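A.B. asks: Chains as they are written, first to last, in this note's numbering: chain A, 61 to 716; chain B, 61 to 716.
Please note: incorrect hints may appear among the correct ones.
Heads up, the list lumps identical chains together, so a pair's fine if it works in one copy or across two of them.
What the hints assert, rightly or not - In silico BS3-like cross-links for lysine-lysine, where the CA-CA straight-line distance does not exceed 25 Å:
#, residue 1, residue 2
1, LYS500, LYS359
2, LYS572, LYS680
3, LYS78, LYS125
4, LYS561, LYS680
5, LYS78, LYS668
6, LYS287, LYS245
7, LYS518, LYS563
8, LYS665, LYS75
9, LYS245, LYS297
10, LYS68, LYS359
11, LYS221, LYS572
12, LYS106, LYS583
13, LYS78, LYS367
14, LYS467, LYS665
15, LYS106, LYS359
16, LYS125, LYS665
17, LYS223, LYS634
18, LYS681, LYS668
19, LYS572, LYS681
20, LYS467, LYS359
21, LYS217, LYS287
Quick caveat, the hints were computed from the structure, so don't treat them as lab data. Predicted model only: the values in this text are computed from it and were never measured.
Listed here are the chains, written in short residue letters.
There are 2 protein chains.
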Amino acid sequence: MMMRLINKADMLPLKDVKIHDDFWSYYINLIKDVVVPYQWQALNDKVLDAEPSRAIKNLKIAAGKEEGEFYGMVFQDSDIAKWLEAVGYLLLCERNPDLERIADEVIDLLAQAQQEDGYLNTYYIVKEPGQRWSNLCECHELYCAGHLIEGAIAYFKATGKQKILDIVIRFADYIDEIFGNDPAKIHGYDGHQEIELALLKLYEITEEEKYLNLSKYFLDVRGIEQKPHFYDSELEKRNGKIHFHQWMVDNKHYSQAHQPILKQEDAVGHAVRAVYMYTGMAHLAALTSNEALYASCKKLWNSIVSKQLYITGSIGTQSYGEAFSFDYDLPSDTAYAETCASIGLIFFAQRMLEIEADVQYADVIERALYNTVLGGMSRDGRSFFYVNPLEVYPEACEKNENYKHVKPIRQKWFDCACCPPNIARLISSLGQYLYTVREKTIYANLYISGTSTFKIDKKEFILEQNSSYPWQEKIQFDVQTNQDVEFNLALRIPSWCDDIKIKINEAIYPIKDSIQNGYVFIKRSWKNKDQIELLLSLPILPMKSHPLVRQNAGKVAIQRGPIVYCLEEVDNGKSLYQLELMLSSGFEIIQDSSFIENLQVMFGKAVKTKETNWIDTLYKKHGKIENEIVTVKLIPYFAWANRGLGEMQIWTRFVE
Amino acid sequence: MMMRLINKADMLPLKDVKIHDDFWSYYINLIKDVVVPYQWQALNDKVLDAEPSRAIKNLKIAAGKEEGEFYGMVFQDSDIAKWLEAVGYLLLCERNPDLERIADEVIDLLAQAQQEDGYLNTYYIVKEPGQRWSNLCECHELYCAGHLIEGAIAYFKATGKQKILDIVIRFADYIDEIFGNDPAKIHGYDGHQEIELALLKLYEITEEEKYLNLSKYFLDVRGIEQKPHFYDSELEKRNGKIHFHQWMVDNKHYSQAHQPILKQEDAVGHAVRAVYMYTGMAHLAALTSNEALYASCKKLWNSIVSKQLYITGSIGTQSYGEAFSFDYDLPSDTAYAETCASIGLIFFAQRMLEIEADVQYADVIERALYNTVLGGMSRDGRSFFYVNPLEVYPEACEKNENYKHVKPIRQKWFDCACCPPNIARLISSLGQYLYTVREKTIYANLYISGTSTFKIDKKEFILEQNSSYPWQEKIQFDVQTNQDVEFNLALRIPSWCDDIKIKINEAIYPIKDSIQNGYVFIKRSWKNKDQIELLLSLPILPMKSHPLVRQNAGKVAIQRGPIVYCLEEVDNGKSLYQLELMLSSGFEIIQDSSFIENLQVMFGKAVKTKETNWIDTLYKKHGKIENEIVTVKLIPYFAWANRGLGEMQIWTRFVE
């Protein structure tokens with residue numbers, strides 16, 4: 061590969077972005093008004109008909125405030141941390157004394173639960189004192205620590221309150237004493253990556269190099285070639301005691317511990333673990349200008365994006381191990397496609413985008429965001445998908461064990477409740493995904509309306525973005541500045557768009573030759589009230605899969621802009637697989653507010669197999685089947701399962 | 061339903077049928093010369109690179125002839141019994157002193173192992189003495205007993221030697237003392253049905269009504285509405301001890317113990333258990349002229365045949381529980397489709413055929429026999445499929461856990477070795493499936509060449525059948541008799557055939573009005589050298605599935621006669637799903653002896669998606685894909701996987 065130094069861009073910080081968007085403000089408000097309060101109820105076991113969390117109770121027990129036993133998953137603490145992180149992002153956008161008081165009380169409990177030496181994990185404090193660090197492979201101690209660090213940073217950034225930051229600094233310092241190259245330390249790493257990316261955030265906020273070094277240590281030591289493998293040696297030390305499953309220890313691919321990270325070229329194993337690790341790798345590559353590490357990240361990125369990514373931005377093909385399977389294996393109906401995995405993929409993409417402005421990274425962020433992440437939550441913010449299938453037959457979910465992981469309706473809370481708080485922290489921090497800034501270039505990555513404040517050459521100015529994206533073609537930027545400022549505005553041209561127009565102050569801007577890696581670069585000395593108009597055409601695209609995706613042979617998925625469409629039984633009747641979309645008939649876009657305000661749905665034609673000729677015979681000679689032409693309605697995938705139980709299908713057979 | 065008395069037909073006994081058939085003699089000889097000897101090696105742990113069986117060693121330990129511990133599955137004994145049954149059938153066709161001597165030695169061991177009270181089961185004798193009948197749900201005691209009874213009857217019929225019959229009579233008498241309505245007896249039944257059908261065979265050979273009554277007891281008591289359920293009460297008595305899995309006890313549908321048999325309308329649960337039970341039910345219905353029971357059998361039959369049967373004659377949709385799932389759920393790639401289940405289905409069909417001459421029963425026998433059963437064994441008789449998928453992508457079997465039960469190549473022996481001996485006993489007794497006789501009517505159910513001896517009105521005569529079925533259209537019957545004999549010859553017209561001709565002594569026989577339930581009836585006073593010629597046209601049929609089979613939407617399977625064809629990678633390259641058969645181009649039949657002698661293969665045309673335009677993109681706008689027209693080769697499904705590892709596919713997309 062060509063050697064060059066990485067020139068890291070920075071996300072425009074969340075505090076500098078105020079979103080006011082027709083599409084997204086609803087969801088951000090939903091997170092603020094419903095999801096985060098609901099999650100607080102859940103953490104306190106006050107959601108009826110849902111699995112109890114006990115996370116706060118565990119913390120109170122650890123803090124010595126209540127009696128009782130630990131309850132829940134070994135990683136139950138992480139739900140509190142993710143909640144705290146979402147709270148931080150919300151407060152960063154808008155202060156809220158009541159919410160802040162609740163969070164401060166949680167932080168007080170965390171302080172009280174924290175041990176003398178800095179350790180903090182309710183499972184090991186309450187349930188297995190003395191057994192710390194004995195089962196890194198399975199028991200998520202560093203994973204929980206990582207989430208706590210992320211939560212602390214978000215809350216500190218929002219409120220400036222040092223207390224929670226001090227807690228995680230003490231904890232991180234303690235972890236640094238326990239792990240590392242020093243012979244007296246543990247030469248190991250967590251079975252679920254997360255600490256790696258968290259320590260890099262802690263490094264960024266504290267500028268303390270030891271956190272960067274510790275993150276690097278955890279990444280470097282992972283999967284090194286030694287016998288016995290770290291997981292096996294710690295297993296032996298604890299006399300073979302298994303927490304979850306023997307295969308979690310045995311299958312090193314599951315947690316990407318099968319070989320050193322620089323040798324890893326294929327995305328394998330548990331999808332969330334994988335993308336959390338890749339996020340850390342990419343961040344470290346950027347921070348340390350490590351080209352070799354970046355090259356590894358690119359290989360892993362390509363392994364996902366060119367061979368293992370669902371059209372909805374989901375990853376994870378199989379239920380077993382919630383894992384990748386193999387290249388081009390993308391079943392719609394048995395997909396795992398965990399919400400958290402798409403969120404982790406967004407983290408990874410964002411870190412890649414900081415290294416290199418390439419449209420593919422923002423494309424994937426958008427694909428995951430508008431489809432899987434949004435689809436992971438009901439419109440009312442009260443129920444959630446863990447698994448996001450691309451095709452559902454409810455009877456199969458109930459009666460064929462191959463589909464047992466697929467729920468045809470969203471669930472209130474989960475006994476493994478990782479996804480809802482992950483949605484909350486992502487959407488509440490959405491502002492930071494809009495722009496990256498590299499020296500004098502502003503990259504507009506996502507088209508979401510809002511007011512953003514930039515500082516270039518020590519000149520502060522505002523970019524106001526306005527659009528009805530993803531429904532309408534026009535996106536407008538207005539410059540508000542007290543003084544002229546020179547910068548490059550790099551506008552992302554999504555890869556689904558092949559017809560764009562740009563006007564600057566109503567004059568057509570010649571795009572030719574100004575596109576690089578999918579961004580149109582506009583270099584200019586900008587004046588107050590300068591206006592940029594970007595027209596991204598939004599054709600309806602019947603998309604095909606790579607010919608090696610056997611499950612989608614002979615099928616199309618309908619996409620418009622970043623939105624993937626699906627068929628639902630409530631609109632189209634049962635047996636969606638009997639439909640063949642008539643592509644030549646085209647599709648009509650209709651605004652429909654019947655169940656989601658201003659949703660753009662589509663109508664088209666399809667050939668449907670008529671059943672009248674078939675009675676009791678299971679097989680018969682081809683030739684006698686009658687078809688009829690029917691009108692079909694397609695809705696955005698993210699909107700599915702908001703109208704009761706029924707079939708859903710994205711990939712559909714077609715006739716030209 | 062209309063009440064009428066069941067008029068049971070009888071299978072023409074195996075001893076009266078001598079098969080000499082171009083197609084089948086090979087397999088019968090293979091069973092005799094390779095499979096049964098090979099199985100004997102396997103039972104004695106002498107097959108290299110295969111799981112040890114230890115079945116004979118267990119028996120020797122139980123007989124006090126060797127020291128050691130029980131090894132293997134709790135139902136390991138049944139392999140010996142099934143081997144003995146196959147030996148019996150082989151000896152019935154042709155005496156063989158060496159084989160008989162080996163069998164006699166095994167019988168001596170069985171006699172020595174049999175306990176004072178008649179009990180005989182090596183697991184409980186050797187491994188858990190004192191625990192008999194404590195876990196009927198999971199531990200297969202009565203199942204093993206049933207197989208031993210079947211083996212004994214076959215061997216007794218062949219040799220006339222009473223010893224093995226006495227063993228199982230003593231055992232059955234003992235079982236009769238243990239189980240039944242009497243308050244002091246156990247009111248329970250085996251988790252795996254088999255004893256039911258075996259006791260009915262024992263009743264037929266001994267004419268001892270108590271065996272019929274005991275079989276009826278086991279069927280009637282199954283799934284009766286009581287709390288706690290029998291499985292739960294025995295579980296409680298053994299303090300919750302589980303042998304295999306808790307779900308086997310909890311899931312009453314798994315072993316069809318969820319409701320009384322007369323209430324069961326849908327085929328559910330473990331497919332082999334189901335069809336063994338239905339076989340017993342149908343036999344009992346016939347023997348006792350029980351119309352209500354027969355009506356239940358018909359419902360269950362229809363549940364399978366109209367809604368849950370693969371085109372290959374396989375049953376069992378899901379790996380979990382090796383079970384049925386739900387109506388019209390027939391995945392090709394994750395099918396369970398166990399060889400034993402198809403064999404059990406043949407047993408069931410045969411019992412139904414004895415009750416009612418309806419072509420559908422023989423059709424299913426033929427479908428299962430020529431496709432799944434034959435496909436379950438390699439051409440050399442040395443390796444076997446347990447699972448018989450209709451579509452295989454070897455990489456998926458290796459890397460996606462949903463396919464872990466699917467082996468893309470046949471295995472030498474199994475740690476659960478039920479299928480190979482089941483194939484052996486079925487094929488070695490194939491002769492008894494050719495004809496049924498009801499009073500003065502001879503039903504020709506299968507077209508397999510051979511010489512069969514009948515006795516009607518006390519007149520003995522011979523029907524000689526000759527054909528090159530399933531490859532050629534002409535089937536000829538020759539009457540050899542010393543005196544004229546009046547009987548109905550009922551010739552089955554397979555449901556795939558819609559063009560038949562019959563000639564008697566070269567004169568065309570008018571078929572019209574003489575067809576009933578798929579049989580052409582020819583009533584006549586037959587003379588020596590009378591000749592019947594039946595011409596069954598063998599068109600190549602692109603078959604479609606019922607529109608509710610979502611997995612086969614837009615696909616055809618090619619069938620000719622009873623033979624289902626498939627595509628293999630070795631002939632057609634990788635990515636078989638990229639092919640669309642061009643139906644209008646037709647297919648050419650070619651005789652091919654390249655790997656199986658006189659195999660009829662097919663050549664046709666297909667449209668294949670070209671991959672040249674795709675490089676790294678996983679999804680792109682439809683429209684730019686190029687296709688090419690290729691020649692495809694189809695081979696009989698039963699012949700697949702005889703030429704190394706590769707893809708295989710039956711259901712294929714098509715263009716008209």
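A.B. asks: Return the numbers of the hints above that this structure violates; sort them in rising order.
C.D. replies: 1, 3, 5, 7, 8, 11, 12, 13, 14, 15, 16, 17, 20 and 21
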